[in-house]
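Asks: Order-wise, the sequence lines are chains V, Z and R. So the first sequence is numbered by our numbering: it starts at 905 and just counts up by one. So the second sequence is numbered by our numbering: it starts at 204 and just counts up by one. So the third sequence is numbered by our numbering: it starts at 22 and just counts up by one.
Just so you know, these hints were derived from the structure itself, not from any lab. The hints are all genuine.
Below, simulated EDC-like cross-link-like pairs (lysine to aspartate or glutamate); rule was C-alpha separation at most 20 Å, straight line:
1. V:LYS1078 with V:ASP1145
2. R:LYS93 with R:ASP105
3. V:LYS945 with R:ASP105
4. V:LYS952 with R:GLU261
5. R:LYS41 with Z:GLU312
6. V:LYS1210 with Z:ASP258
Covered by chain Z, per the in silico footprint, the following chain V stretches (three or more residues, Cβ under 8 Å):
7. 978 to 991
8. 999 to 1011
9. 1087 to 1093
10. 1141 to 1155
11. 1282 to 1290
12. 1299 to 1306
From a predicted model like this one, the values you see are computed outputs, not experimental measurements. Built from N, CA and C at the ideal position, the CB exists for glycine as well.
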Amino acid sequence: MVSIIKTLTTAALAGGICASAAQAGGTVEVLHWWTSGGEAKAVGELKKAFESLNGTWIDSPIAGGGGDAAMTALRARVVAGNPPTAVQLKGPGIQEWALEGALNDVDGVATAENWDSVLPPALASIMKFEGKYVAAPVNIHRVDWIWANPDALKKAGVEAMPTTWAEFNAAAEKLRAAGIIPLAHGGQPWQDATLFEDVVLGVGGADFYRKALVELDQAALTSDTMVAAFDQLRMLRGFVDPNFSGRDWNLATAMVSRGEAGFQIMGDWAKGEFLAAGLVPGVDILCAPTPGGGFVLNSDSFTFFKVSGADNLAGQQTLASLIMSPDFQSVFNLAKGSIPARTDVSLDAFDACAKLSHDDLVAAIANNALVPSMAHEMAVPRSVRGEIMDLVTAFFNSGMSSQDAAKQLAAAVARAQ
Amino acid sequence: MAVTGSPPRIRWRSFDRWLPQIVVSPLFAMSLFFVYGFIGWTLYISFTRSGVMPDYRLDGIGQYVRLWSTPRWHVALRNLVTFSVLFISLCLAIGILLAILLDQRIRIEGAIRTIYLYPMALSFIVTGTVWKWLLNPGLGLERVMRQAGFESFSFDWLVNSNYAIYTVVIAGVWQSSGYAMALFLAGLRSVDDQVLKAAAIDGAGPLRTYFSIVLPMMRPVFMSTVIILGHLAIKSFDLVMALTGGGPGYATDMPATFMYAFAFQRSELGVAAASAVMMLVTVVAIIVPYLYSELRGARR
Amino acid sequence: MIRQSQGGIVRAQGIGQRLKRGFLFLVLALFCVYYLAPLVVMVSTSLKSLEEIRQGTLISLPQSINFEAWAKAWTSACVGVRCDGLAPYVWNSVLMAVPAVAISTFLGALNGFALTKWRFRGADVIFALMLFGAFIPFQVVLLPMARTLGVLGLAGTVPGLILVHTVYGLAFTTLFFRNFFIGVSDGIVRAAQVDGASFFGIFFRIILPMSLPAIVVTLIWQFTQIWNDFLFGIAFTVGESNPVTVALNNVVNTSTGVKEYNVDMAAAIIAALPTLAVYVLAGSYFVRGLSAGAVKG
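Produce the complete structure using the sequences and hints provided.
Replies: Laid out in structure tokens, this is it:
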């Protein structure tokens, strides 16, 4: 009975919201782990915009471990029957929670605003559960970027950004010869996995990437191509300074900013750190996609949990509508370094790297070269991702042979399925 | 109880006789629920296919098979053994040494004792960052020594998969050895003077007095110290998370961090519950014999 | 402290003895360096400017004392989107720790008293079963505890967190008091009983006043454990009611492009000051309390 009333209220609210989105208000408690630099600024924008709609914003930041600590809190909160209104949660994780019946849908807002027509289909399907939107994407991040300090490259005599892994290796050797750390990297499992997936895309191409890291095909995982990918990862390991272990990504980014290191392979959230250091991406810092001609997709989203009470439900609807508004998508992504999840937002105010990202995205959709990121929880369940990361990071930190790595990778994936 | 009193007083007495049980039972019931109830829940979950959230359909021993076929679990167990053995023995050795030294009529004993004891007051959430610095070759000890002229000085354990677990031992011993010292010092202080005087009259030297007379008398202190240190070792979580995050790779993973990672990062509650049950079995294997001997001794 | 007057076994006499004495102090001093090093680095870093941190080594002492980082950590460091420093969170921790410590200590004393001085059938078994609670890894209880708090309507509240800490502190407090009371002569209780004193009468008027050493040890232990807790803090509190350890984690993991190490260190020391103060001020009672029986178990 209660649930019927709840559903009715939701529907009523959803209907009401379209008519009066501007003065809707409501309360949201937002659980997130965006506490650093450009990210904190970006979430600050969301809060500001929400409050300007007369909403009450309760901030629940839990930093650390790429959201691991926040996920602990989330689980405890849901089990306790006291979930936050909206959670920074993405990828297959959304489906996992939806299957538990822990989510509210915001399909009323989504239908009224016609989200289907403005989101890339691949992304829209991730946001939906049983055909209804349960989450709203705030951005599209590209994972397969190489960032470079032009002064460092010049000093080492590297003329152009590499377009193949062979070129990358040659450039890195030159940097090393010039006494510059070739690759800034932080030894944390997710960063190791980021390198790994970019290498897999570069060595095997988009189709191979999809077979191996999305469909988890055993033959692909043990193939020679995968062995070759591990060989290249081993090369990259050699370009990293000895003190990389445990380093946070933004500290590695700072090494490139200061010219201590030549390259960093990292998603475009690194731009926020460059901007904070007063460097303009595309001018003071060079960007180029990693080899492979694909686009590794990562997208942050806010997922709506099952809360009750008119005030909370109203807040949820308002937040959903706000997140997807073109103005907010533009403001937020300027601060965060990503590009809008809506494909119809003007990119005039964005930097050269963002424009390149957008063009490549459109091209990748056309060529079927758009792949979801494994390292950033877009491709496979967290259990599988965990096993892959364990293996990759063990490979990166030991003398394991590439053949063994491919074999163990396949075994690890099988174990988690 | 032979009490001569008026009838109402006797009734009061009998109520009073039950009072201890009445006081203890709610607390005991709380323990039963919050400790044993929850352990039971964990045990149950370990036999299900629970993933992101608890799932109460039973599913046999699959999670245990899965657990024991995961290489990371074996690393965690190996680390637990390495860590516990080194951690407990170093804490005991340092604790005894410092307690004996401090027992030699040191004038500023109070100050020194506080210095030895204060790490116990700090959590690794607080000291994790600074430990990472001190042990990081590019920032800490290694760099300082090299700048001081020892060019070949090398201390890169933190970033070396084979040695990183030892840095966890260093930080762990730093935190807990002072506590062991306090326990031993307290033990030494409660040894009867007469014993020492008798030993001195017998002409026993200081070393012999300590090793053959005083320390053997402190067996109970040893026991409780080992238990306290042992439980710290099995529970060590903040320490690993703050210092290495389990890395490089998962080289410094321990059962507690393993369980946490699987339960909360990976949505594998079933595997996590199975690993928790393994941890609890280990705890039982250590604690039960201790409690048994302890309580038998107390019954005397 | 019991035989302070008598002193140890090594006596300072003659050159050989004096050498030994010197060696003894050398060893003690070396360990002081080991224990103090992290704290010294933290304090000195917190007093440096960011510029100085970047140029110098982390072991070098600050050229000029600079309390800016402390002020920032206290009042304006950013915890998520809120930039009010640690001050409000320290208050949260106080609100949580004080009642939790007081309740768990009191209950532990009562429990220890009932279990040792009024030995009834099964008292030992009950004690053993309760003690096991001290050894349970806290990660194990997070989810069932969350559910329980939800059912009780205490999820995300300070009373909920107090309940959690009380429940899991009880094993230790009972252990401390039981070990202390075992050393207390049963005669005292028997005599009071014969005089007609009741259970609570004996507890409050006779037992509690004489158990000061055990109370101090228990208070110190519980306060340290509860103040430093992080896991229960992230799982069972919401945003604004976070304890200081969670806020500290958010500050340290917050980096605005450049990591402000001096602010991080100042924040860490602020979060640790209460427990440090307790150890420094009550440390001597700690050893005294331990030797008065708490270790004999």
